[in-house]
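Participant: Given chain B, work out where chain Y should sit, using these hints.
The lines below spell out each chain.
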Amino acid sequence: MFEFLIAGVQAPWVLLVFTGFTVGIVGGFIGVGGGYMVTPALIVFGFPGYMASGIDMTHIAGKGIVSTVRHRQLGNVDWILALSMVAGTMFGVEEGIRLLGYFKRLGLSTAALLGASVLLMGTLFVYTLRETLRSHRRLTEMAKQGRALAREVSTSSLPRVFQGLPLAPLVRCRVARVIVSMWVIVLVGVVTGVLAGFLGVGGGFIRVPALVYIVGASTHIAVGTDLVEIVFSGAYGCLRHSIEGNVDFVAVLFMLSGAMFGAQFGSIATAFVRGPAIRYMLAFSLALATLGAGLPLVNLLMGGKLEWLTALSVIITLGQMVFLCLFILSLVYFAYRANRGRWVPDWAAPLLVHHVTTGP
Amino acid sequence: MKRLLDNMWTFALLLLLVSMGLSTVVYLAYMRSHLIR
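The listed protein sequences derive, respectively, from chains B and Y.
The working numbering puts the first residue of the first sequence at 1, with every later residue one more than the last.
The working numbering puts the first residue of the second sequence at 361, with every later residue one more than the last.
Isolated chain Y, as found in the complex:
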């Protein structure tokens, strides 16, 4: 884990994956609610 954090770019990539995953969930939830409507 420390080796993963010791490189700024891998750390940034890790955060990017988490945040993009979260935003995908929100976006899909929005699409689902709109499709149901």
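Isolated chain B, as found in the complex:
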């Protein structure tokens, strides 16, 4: 136990470091800040709700920089795409917050907000999982035919529709290898920003699928580019929370000491897998987040009679960061084995990148 003087609580510092590490791995791998996992965890560790949000946002800003630097070294950041989106995202987040205030004045209930959140995450989960399963099947077929496997395989036809829009100016994103209208990029930034601001989340889990399925970037580029956005939005959130006095910097330091290593590991781990593996993790994360938000909604609709559902939702939220972390570690371990010509599960083999050619 450690006494956090600013927050005025005693909390287990080991769990803070552990949370920073696990969420760092997940965030670096799928390109999210992980606020929806960290905030409930900090509340369970004893921090008051407002402090939990402040600490979470400040640690996301620091962790985002570490992940972005690593992804840049791996060539996963398209700066043209990222910087074109930043202004739209920031504008969108601010408008989303205002929209939320407007709807609240009109009498929007918590249930409606939770319902919207569940609907959005559920839809993204279904689309991402279905598309990823198709891509995985295609990769498996290509591997059986002995064809060379690309790092990215996507079966979605949506990017072709959006890339075909003849709206000037057209932007050439060299790293992402995409030519698309600037309006599409800005609109993706604004819409994902509005949704993020309205639902009170960072928005990584909305932006990564949007970059893949609308702009047409590869999953690796989408993750790296989204992390640039997270640095900006995290820094803004950190500033806002610091002014409000919601940040215990000692707790942030504990979390960052774990996140520093986790974020680097998660970012480097993307080099061992193909795009669909990252999208699988994103889909699993969306599924568990939908469940985590859906259970309190059911409790709310039942008039608060099923309080145990809220407890179950906290357990699922805490469990999902460990689950995703273990899955990512397993994929890296399988890649290590595959590169040494050892046995790996049939489903995993096509998802892994072989750095060393084995055999004749």
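Among the clues, some could well be false.
Looking from chain Y toward chain B, a few residues come up when the C-beta cut is under 10 Å (computed) [as the list claims (entries may be wrong)]:
{"no.": "1", "residue": "Leu365"}
{"no.": "2", "residue": "Asn367"}
{"no.": "3", "residue": "Met368"}
{"no.": "4", "residue": "Phe371"}
{"no.": "5", "residue": "Thr384"}
{"no.": "6", "residue": "Val386"}
Distance ranges between label pairs, derived from CB positions [unchecked claim]:
{"no.": "7", "chain 1": "B", "residue 1": "Glu307", "chain 2": "Y", "residue 2": "Ala389", "range": "18 to 26 Å"}
{"no.": "8", "chain 1": "Y", "residue 1": "Leu377", "chain 2": "B", "residue 2": "Leu306", "range": "19 to 27 Å"}
{"no.": "9", "chain 1": "B", "residue 1": "Thr310", "chain 2": "Y", "residue 2": "Leu377", "range": "34 to 42 Å"}
Please keep in mind that the hints were generated in silico from the structure rather than gathered at the bench.
Think of the CB as a built atom: it goes at the ideal place given N, C-alpha and C, for glycine as much as any other residue.
Facilitator: Okay, now just chain Y, sitting in the frame of chain B:
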């Protein structure tokens, strides 16, 4: 064991059970410490 790992869904379920078990332990420990307080 290999047969268990050869299906992605059983592998995911196995990991899910382990992680949910761990998070339940942490949550129960939190509840216990709060009840003692």
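Participant: If a hint holds in the structure, say so; if it doesn't, say that too.
Facilitator: Results for each hint:
no.: 1; hint: Leu365; in the structure: holds (5 Å)
no.: 2; hint: Asn367; in the structure: holds (7 Å)
no.: 3; hint: Met368; in the structure: holds (4 Å)
no.: 4; hint: Phe371; in the structure: holds (7 Å)
no.: 5; hint: Thr384; in the structure: holds (5 Å)
no.: 6; hint: Val386; in the structure: holds (6 Å)
no.: 7; hint: B:Glu307 <-> Y:Ala389: 18 to 26 Å; in the structure: holds (19 Å)
no.: 8; hint: Y:Leu377 <-> B:Leu306: 19 to 27 Å; in the structure: holds (23 Å)
no.: 9; hint: B:Thr310 <-> Y:Leu377: 34 to 42 Å; in the structure: violated (22 Å)
When the structure is compared with the earlier hints, a violation turns up for hint 9 alone.
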